[in-house]
Structures are given as C-alpha cells and as structure tokens.
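A.B. asks: Listed here are the chains, written in short residue letters.
There are 2 protein chains.
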Amino acid sequence: MDVEEFRRLGHQLIDEIAAYRQRLATEPASLPVMSQASPGQVRARFAAEPPQDGGGLAAALPQLDRDILPGITHWNHPSFFAYFPSNTSLASILGDLVCAGLGAQGMSWQTSPAATELEEVVVDWLRQMLGLSPAFAGVVQDTASTATLCALLCARERTSDLAQQGLGLQDPKAARLVVYASEQAHSSVEKAALLAGFGKAHLRLVPTDDAHAMRAEALAAAVAADLAAGLAPCAVVASCGTTATTALDPIAAIAAICQRHDLWLHVDAAMAGSAMILPEARWMWDGVEAADSIVVNPHKWLGIGFDFTLYFVRDPQHLVRVMGTNPSYLHTAQDDVVRNLRDWGIPLGRRFRALKAWMVLLDQGVEGLRGRLRRDLGNAHWLAGEIDRTPGWQRVAPAPLQTVCVRHVPTGVTDEDTLTAHNLGIADRINRSGRAYLTPSKLKGQQMLRLSIGAELTERAHVEELWRLLQDEAASGAAALAAAPDATPAG
Amino acid sequence: MDVEEFRRLGHQLIDEIAAYRQRLATEPASLPVMSQASPGQVRARFAAEPPQDGGGLAAALPQLDRDILPGITHWNHPSFFAYFPSNTSLASILGDLVCAGLGAQGMSWQTSPAATELEEVVVDWLRQMLGLSPAFAGVVQDTASTATLCALLCARERTSDLAQQGLGLQDPKAARLVVYASEQAHSSVEKAALLAGFGKAHLRLVPTDDAHAMRAEALAAAVAADLAAGLAPCAVVASCGTTATTALDPIAAIAAICQRHDLWLHVDAAMAGSAMILPEARWMWDGVEAADSIVVNPHKWLGIGFDFTLYFVRDPQHLVRVMGTNPSYLHTAQDDVVRNLRDWGIPLGRRFRALKAWMVLLDQGVEGLRGRLRRDLGNAHWLAGEIDRTPGWQRVAPAPLQTVCVRHVPTGVTDEDTLTAHNLGIADRINRSGRAYLTPSKLKGQQMLRLSIGAELTERAHVEELWRLLQDEAASGAAALAAAPDATPAG
Numbered sequence: 014m015d016v017e018e019f020r021r022l023g024h025q026l027i028d029e030i031a032a033y034r035q036r037l038a039t040e041p042a043s044l045p046v047m048s049q050a051s052p053g054q055v056r057a058r059f060a061a062e063p064p065q066d067g068g069g070l071a072a073a074l075p076q077l078d079r080d081i082l083p084g085i086t087h088w089n090h091p092s093f094f095a096y097f098p099s100n101t102s103l104a105s106i107l108g109d110l111v112c113a114g115l116g117a118q119g120m121s122w123q124t125s126p127a128a129t130e131l132e133e134v135v136v137d138w139l140r141q142m143l144g145l146s147p148a149f150a151g152v153v154q155d156t157a158s159t160a161t162l163c164a165l166l167c168a169r170e171r172t173s174d175l176a177q178q179g180l181g182l183q184d185p186k187a188a189r190l191v192v193y194a195s196e197q198a199h200s201s202v203e204k205a206a207l208l209a210g211f212g213k214a215h216l217r218l219v220p221t222d223d224a225h226a227m228r229a230e231a232l233a234a235a236v237a238a239d240l241a242a243g244l245a246p247c248a249v250v251a252s253c254g255t256t257a258t259t260a261l262d263p264i265a266a267i268a269a270i271c272q273r274h275d276l277w278l279h280v281d282a283a284m285a286g287s288a289m290i291l292p293e294a295r296w297m298w299d300g301v302e303a304a305d306s307i308v309v310n311p312h313k314w315l316g317i318g319f320d321f322t323l324y325f326v327r328d329p330q331h332l333v334r335v336m337g338t339n340p341s342y343l344h345t346a347q348d349d350v351v352r353n354l355r356d357w358g359i360p361l362g363r364r365f366r367a368l369k370a371w372m373v374l375l376d377q378g379v380e381g382l383r384g385r386l387r388r389d390l391g392n393a394h395w396l397a398g399e400i401d402r403t404p405g406w407q408r409v410a411p412a413p414l415q416t417v418c419v420r421h422v423p424t425g426v427t428d429e430d431t432l433t434a435h436n437l438g439i440a441d442r443i444n445r446s447g448r449a450y451l452t453p454s455k456l457k458g459q460q461m462l463r464l465s466i467g468a469e470l471t472e473r474a475h476v477e478e479l480w481r482l483l484q485d486e487a488a489s490g491a492a493a494l495a496a497a498p499d500a501t502p503a504g
Numbered sequence: 014m015d016v017e018e019f020r021r022l023g024h025q026l027i028d029e030i031a032a033y034r035q036r037l038a039t040e041p042a043s044l045p046v047m048s049q050a051s052p053g054q055v056r057a058r059f060a061a062e063p064p065q066d067g068g069g070l071a072a073a074l075p076q077l078d079r080d081i082l083p084g085i086t087h088w089n090h091p092s093f094f095a096y097f098p099s100n101t102s103l104a105s106i107l108g109d110l111v112c113a114g115l116g117a118q119g120m121s122w123q124t125s126p127a128a129t130e131l132e133e134v135v136v137d138w139l140r141q142m143l144g145l146s147p148a149f150a151g152v153v154q155d156t157a158s159t160a161t162l163c164a165l166l167c168a169r170e171r172t173s174d175l176a177q178q179g180l181g182l183q184d185p186k187a188a189r190l191v192v193y194a195s196e197q198a199h200s201s202v203e204k205a206a207l208l209a210g211f212g213k214a215h216l217r218l219v220p221t222d223d224a225h226a227m228r229a230e231a232l233a234a235a236v237a238a239d240l241a242a243g244l245a246p247c248a249v250v251a252s253c254g255t256t257a258t259t260a261l262d263p264i265a266a267i268a269a270i271c272q273r274h275d276l277w278l279h280v281d282a283a284m285a286g287s288a289m290i291l292p293e294a295r296w297m298w299d300g301v302e303a304a305d306s307i308v309v310n311p312h313k314w315l316g317i318g319f320d321f322t323l324y325f326v327r328d329p330q331h332l333v334r335v336m337g338t339n340p341s342y343l344h345t346a347q348d349d350v351v352r353n354l355r356d357w358g359i360p361l362g363r364r365f366r367a368l369k370a371w372m373v374l375l376d377q378g379v380e381g382l383r384g385r386l387r388r389d390l391g392n393a394h395w396l397a398g399e400i401d402r403t404p405g406w407q408r409v410a411p412a413p414l415q416t417v418c419v420r421h422v423p424t425g426v427t428d429e430d431t432l433t434a435h436n437l438g439i440a441d442r443i444n445r446s447g448r449a450y451l452t453p454s455k456l457k458g459q460q461m462l463r464l465s466i467g468a469e470l471t472e473r474a475h476v477e478e479l480w481r482l483l484q485d486e487a488a489s490g491a492a493a494l495a496a497a498p499d500a501t502p503a504g
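Each protein sequence line maps, in turn, to chains A and B.
Numbering of the first sequence is given in my numbering, commencing with residue 14 and proceeding in unit increments.
Numbering of the second sequence is given in my numbering, commencing with residue 14 and proceeding in unit increments.
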C-alpha cells in the first residue's frame, strides 16, 4: 500500500465508520445489540491459510460489513444495558487514529517525549476532575485487572520490605501475607491475589451488609483473627461501585482499619470512579484520600475508548521500585529528570493513549461530561422508581449509580429454581431479540437482571423501551408458568 | 461532536497522517529521528487545568503539528536504528481505525464474536507462517513483558500443582521454586520472576558463551546444584534473539535439560520470532517445538502496530486454569463451546486487535513480508561486512539477524573509560543531530553501539548514510582524543 492508497482507503473507512455511528443513532433497530452470530460463523468466512501474495486489502474490505459486523455486539448502541457503558466516543476514535498514525512508542520519555508529557497533562486533568488531591500521581494502564495486580504487588513488596529482591514469597521464615476484599469484589481482585502469589488461602472475602457493601467491623475482626494466628495482614481492596450492584464499601471506615494496622489500601473505583467528576457524587468514596492506590476506568463511562485505565498512587517511588528495571539498553540521558513510564506498570512498551483522552476532554469539556452522567443517573433513578412501584418486580440492591438490579417474581411463585429460570428466560429472550442487551447475574445465590445505563446514545426513550420489554417478557414468562405450573419455564 | 463533524475531522486527520507518512518517505531529513524536545517542553504547551466547556477539539488540532510532533521520536523514520524496528504500517493504521470505530469489547466470545474468531483466524495464520505445529494455540497479548509474566506464572502453578488455590508461594513446607535465564535475557524476564514472587535469590542468570548465548552445560550445572540444595527447578526462559545482540540460546539443548527435569520451557522470541516466517531462518529456534510457551512480537518487525504480541502455549487448559475466573456476571450461554479470551491473559477487557493484523497480512501477504525481511537481513549483512573490513571498528557480537553491535577503538586507545566516552559520544552526536537514531548499550561491561535495521522505509541508502555518519563521528571523536590524549572526549 502506498500513501495514496492509504489516503483513499482511509477516507472510505472514515465514511463507513461515520455511517455506522449514524445508523446506531438514527436506526438502532436495524442493528441487533447483541450479535446474533453462532459459534464458528465468523471464523468460517475467512480462509484457513494466510494469503501468500499481498495487494488484497482493498478487495477484502467489504468483509467488514458482510462478515465482521454481524459478529459485533454493539457496545455503542443506545439499547446496550449489559456489563458497563463502555463507549468509544467519536473524538476518541480520532485520538486512536492519530495514535496509530504517529506509531510512537512511549516506553521511555526519550522514545517520544510527547507521549509521556501529554499523558502527564491529561492524567492530571482527570485527577482534578475526580476531586483527588495532588498527593496522587497517576498513570494510564490498560485495565483495572492489571492495575489491581500492580496494587497488590506493591502492597506485597511494602509489607515484605521488598522481599522480591531476596527470597520473594518463598521465605519459609516470613510471616504469611493476607489480602482482604469484600465478597462482592470483582473477580479481578481474586485473580490478582492468586497471580501475585498470596494463595487463595490468604485471601479473605469479607461479608457484606444488606446493601452489599463490606462490613467494616467484619474486616476488623478478620484482621484481628489473622494477627492472632500469626499471619501478616497486608492489603485491603475496597470496592467503590461493585460490578454486580455498584455497592459502595465504606472507605473511610476501612481506611481507619488500614491505618491502624499499616495495611495497603487499594480503592477499586473502576466503575464508580467516573461519577466522581460530579461533586455531588463524591460522598460515595469519602475517605479515598487515605488510599495508597486507586483505579478508575474512564473507558467505562467517560467515552474514552478502551483501553484507558487510570492508576493513581501516593508513592510513585515505591511503584517504580517494584516495577522498574534499568538495563543498559534502556538508559537515556534524561533519566534523572523525567518520568520513564515503562517503570509505572507491567508492560514495557506503551501506546500514546493520552491522545484519545485529550481529544475527548477538548470535545466534551468537564461540563459536557457532567451533563451526560447526570442524564444517565436520572434515567437510572427513573427506572428504579418504576420498578419499585410495579407489583411483581423487586429491586435487589440500592442504585446509587447507573446500574439497576432487579428480578421478577410472578404472583405465587416461591421456588428459587423456577424464579431463576423465569428471570434467565426474560434476559435470554430480550438479548436474543436484538432489541436490548442486559446481563443476567447471581447475587448471593439469587438470579437477577443487571441493567447498566449510560451508553452515550441512551436517552430516556431507550430506557422506557427497555422497561416495556422487561414487562412484556416477564408477563409472557409468567403466563407460561401459570399454564404449566409444574414445568420449568422455557429459556 | 456530531457524526458530520467526525467525518470532516476524520478526513482531515487521514490527510494529515498521509502527509506525515509521505514526508517520512520522501523528505526524512526534514524530521529529526529522535525528538529534539527538552524535558517539560511539550507539557508547557498545554493548559494546567482541563477545559470546562467542550467544542474545543477542532480548534486545538493544530497543536498536533505545532506542539506534539516536535515531541515525537519517529519510529517509522527510515533512519531509525534504535531499539527494534517497531513500525505501524499503513494497513495497520487502518486496522486500528476500524477497531476504534467499532468500539467492540472482546473480553468474552459473546461480547463480540468477531473479535474472538478473527483473532483465532489471524493467530493461526501467523502460527503457520512461523512454521509452528498445530500443537500450539495462540492468543494476542499486549507485550512480551506481559506474556513472559504469564509464562512464569503458568510454570509456577504447574510445578507447584496449582498452589495458587491454596497457600500460594507462602507454604513454608514447599520446596522453593527456581527460574533460569541467560545473563543476556531481557530485563522483562527478571521483572516477571520478581513480580511472580519467586524472588531474585531464586533467579539464576546462566553464563553465556562468546556468542552471548546461554551455555547449556552451565544451565545443567545450575539445575543440578539447585536440586542438590533441595530447591525445586521450575522454569527456563530461552532467548531467541536477545535484546542486546540477538544472540540465540541453544533451544534444543536447553529443551533436553527441561525435559529431563520437567521444567517449563518458555522461548522468548520477541525479536527473532518475526524472522521465522523465513524458512531459511528457522534453524535459529531449532527445538522450539518442545517449548511450553513462546512469545513472538509481530509489532517488532512485521509492521503490525504496537501492541500486538503473540503468546503460544501447548496447554491452553492450563493457561485458563491459572488465568481464568468465572464470576456469575461473566457467564454466557456459549461458554462450553467457545473460547473466552479473557481467560487467556491478565487483563479482562480486550480490544479487537486482530483487525490490524488481518489488514497487514492482506495488504502485504506472506511473500511481501518475507521480501522485506530478506532486504533488512541483507542490509545488516552488508553493514557487518563493512565494519569487519574497516580498521578501528570492532563487531562485538555475531549478527544472525538485523542487529549489528559494534564499537569504535581509535588507534592506540586501550583505556576502557576513554573508549566508553568515545563511543557514547558517537551515539550522542548522531542522535542529537536528528539524522539517525541508534541505541548505545553495554555488553559484558563494554560500551557498544547497537544498530537495529529494519524499519519499513529503511533502504540500503539509509544504511550507507548511517555508516558514513558513524565513520565521521568516530573520526571527529578520535581526532579530539589525539589532540588532548589525557582528556575525556566531549560527550
């Protein structure tokens, strides 16, 4: 491909993406939210062997529409209510385009000073937007999973006095380190604890209260029990907005326990963090200034395209001590006066991700983003109210944010297996219809439906339509149950 | 930004990227390879606070040219000879554009079946291109650093019989696990061993031979000594193309030792792996079929833009056992019949990276890529020959690939500090001139210049120009030394 062909195909693809985004905005019903592809369907449309000769790209581009698009679940669709509202806003697409076009590598400052310094600028903008004090220094990582792993590694090394430089976790004489999180913490917390070598036997999943938030007194009791047993409490992960229900662990109370026992406090605000750009929401992470590390995912609700995770730490020197390597071939003349962000995380190489954040912030501004989040919170509040006043529907968790967790209980049905099948059926029929996409999940053993609101294109009308779909499918499921009360309703 | 503004700015940016790439191709001297920015220069061009109001993107775009570009080190420049030839080819830019435009999330199969299935297709294409047998299953990760960490975690869990489900590495009764790599292994190997919790005391950096490759008998001796001491040898990282000199560890001999002692064999072919698309190069990793895991970085030399690391394993079930989580909110109806690639690595979320690889392979084809690599190998061979026949120049390592490691020794100079300063001076003057960019590095205590050839735009003429620059700067440095023989030459 020469530059002229690049220009021609680039214009073509910009137009195709524009048309796709326009279609999501104006004809969303023409695109099923959840891909209707069956396993293997996409793969079968591609050759089993690589092309020997080149020059085939332009001819293959129609495959994007014909073979790829049917295999896409449309995360930017206005009726996307699953997982979390991870959007790539139009400005973010342009940022990724420039990132790829420059093809710069930001592993060290010298390998592209702009990549490091614009990242410093936008990360500090975001810090201010979140209301965090300048005591925190931040960096962009790929995902909250990786950032939480970094946090637990840093905790491990602080408590063990940098044991990685000696026997690591394999010192038979060292006290065994213990990690704490709520039983509602994201799966990545357990994964990080296991990968960091603590072992599942040294992970305490602390019980939660009726609002599904960590019980601070249960944490204190668990720490005391471990101390009494001769173990070494090391780190607590507090969730600010759990994945299942956006429950809010009491960070201030947890921080007090951490302070008392010199535990690392990691605040997992992957989801709720975006809301902290709203001053009226900051009560949700009251106490966060005491954290040692914080993770916030602007790719979850601020339109900065995946992947863009913010990892804030109070002690960047410690982070660099744990993550840093300094081989001769990476030395540069500026090492003493600049940040080499390769030492702020696990990967060595780094893309110029700051560009997309810069473009989104310029395009939407702080007030623009706040307005959108307030719209989404209002929509979630409206839906929660509808559910609360409608017989047969139960809300199974508070909805401080944009996620509403519900289940439908037809009159007279008490058998839990029947209710599970009934609610799974509702989700399955809606998801298969392509008209909306939501996430069925379990909460403390009960089947529920998790409705996450906040895609950029989602307006009140789309939430109203979701509510109609839920009621229709609940009614049809309940009717089937009434007709054949002893049978499991059809999924 | 509405779709019309996106379309307008998108066309504008495509044209600007095309112009930038054209300039690199036809007027490279107008762009200094290494950014000439001083620390803080880029940052100072941006506001310290985020914009309160939106709508400012179009007006800010001139900053790309004015403030960002001077802070870019041009990795796609034809005179880029530093680090490794990490290019984002034109087709790859288009792939990243489509990836961002779709904004799909590939964490699970259901969250966009095309993201998983096209990844399966292109990873298998690349497996075939590398000459690996179907015994290997692959996945795309971000970097070799992350993939090597995955490998050591999987090794740890295999040897310890999945200790992460119990006491982790903190079982005081367990035998202590040991990791082996060559003293020339990439810094990410030590980083991975430390992060995985083994501890530096359990990492053996095995001596190398005159070609800077691991001495297999030294590995065997180290394993035997650890066994005698009651330790538990766990994993060996064999480098296929070390970072400093592209040295080739003897994989077959290492594999035999691994087999004898049931050690995990991880082959770090991050750099050399790309060359394995050439049948005539495959002797370099003879024995690779015995590996448990392999990492290859197509973003290093195949033009697939960063980040695109291939991680191959023989036992994907074990990988999923170590990395997998299965919370209720991630269950999908297809879990039993599809791959959920979130369980094949550390991050949960995943971009649709397969698109850029697909586009590069269609655009260039296997033969196109082979032709380019053969050109680069020929250029490196030519430069090595020039150096070998030119008095005063020493080649400090074999050059089986595209990296030539040299140093200049002026007549009569034997003092190592003087030689270090002299060679650093050569690199520094060339890099600051903006006419070429190379990496000074140490090799077994000796200062050398590492010349990595293989940027897409690099033709013989650019290598000839590099050779002239090197000779000129060597001569001027030598002249300064001769004029003031007791002084350290100016850096």
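Keep in mind that the hints were calculated from the coordinates and are not lab data.
Accuracy of the hints is not assured; some may be wrong.
With a straight-line cut-off of 20 Å between C-alpha atoms, the simulated EDC-like cross-links for lysine to aspartate or glutamate are [to be verified]:
| # | chain 1 | residue 1 | chain 2 | residue 2 |
| --- | --- | --- | --- | --- |
| 1 | A | K186 | B | E196 |
| 2 | A | K455 | B | D174 |
| 3 | B | K455 | B | E196 |
| 4 | A | K457 | A | E478 |
| 5 | A | K455 | A | D222 |
| 6 | A | K213 | B | D349 |
| 7 | B | K213 | A | D349 |
| 8 | B | K213 | A | D174 |
| 9 | B | K455 | A | D349 |
| 10 | A | K457 | A | E196 |
| 11 | B | K455 | A | D348 |
| 12 | A | K213 | B | D174 |
| 13 | A | K455 | B | E196 |
| 14 | B | K455 | B | D174 |
| 15 | B | K186 | A | D349 |
Note that this is a predicted model, so its numbers are computed, not measured.
A.B. asks: Compare the distance between the alpha carbons of A/K213 and B/D349 with 20 Å, and conclude whether the hinted pair is satisfied.
C.D. replies: violated, 25 Å
A.B. asks: Quickly compare the C-alpha distance for A/K457 and A/E478 to 20 Å and report which way the hint goes.
C.D. replies: Given that 20 Å is the threshold and the Cα spacing comes to 29 Å, the pair is violated.
A.B. asks: Has the given pair, A/K455 with B/E196, been kept, meaning a C-alpha gap of at most 20 Å?
C.D. replies: Distance of about 50 Å is beyond 20 Å: violated.
A.B. asks: Does A/K457 pair with A/E196 here, judged by a C-alpha cut-off of 20 Å?
C.D. replies: holds, 9 Å
A.B. asks: Please work out if A/K213 and B/D174 have their alpha carbons no farther apart than 20 Å.
C.D. replies: Since the Cα atoms of A/K213 and B/D174 sit roughly 14 Å apart, the hinted pair holds (cutoff 20 Å).
A.B. asks: Between B/K186 and A/D349, is the straight-line Cα distance small enough, at 20 Å or below?
C.D. replies: Given that 20 Å is the threshold and the Cα spacing comes to 43 Å, the pair is violated.
A.B. asks: Given the hinted pair A/K455 and B/D174, is their alpha-carbon gap at most 20 Å?
C.D. replies: Not satisfied, since the Cα-Cα distance of roughly 30 Å exceeds 20 Å.
A.B. asks: Does B/E196 sit within 20 Å of A/K186, going by the straight-line distance between their CA atoms?
C.D. replies: With Cα atoms ~29 Å apart, A/K186 and B/E196 exceed 20 Å; violated.
A.B. asks: Against the 20 Å threshold, does the CA-CA distance of B/K213 and A/D174 hold or violate the hint?
C.D. replies: holds, 14 Å
A.B. asks: Please work out if A/K455 and A/D222 have their alpha carbons no farther apart than 20 Å.
C.D. replies: holds, 16 Å
A.B. asks: Under the criterion that the straight-line Cα-Cα distance not exceed 20 Å, is the pair B/K455, A/D349 satisfied?
C.D. replies: holds, 19 Å
A.B. asks: For B/K455 and B/D174, compute the direct alpha-carbon distance and say whether it is at most 20 Å.
C.D. replies: Answer violated: B/K455 to B/D174 is near 40 Å, above 20 Å.
The structure fails hints 1, 2, 4, 6, 7, 13, 14, 15 (numbered hints given earlier, in ascending order).
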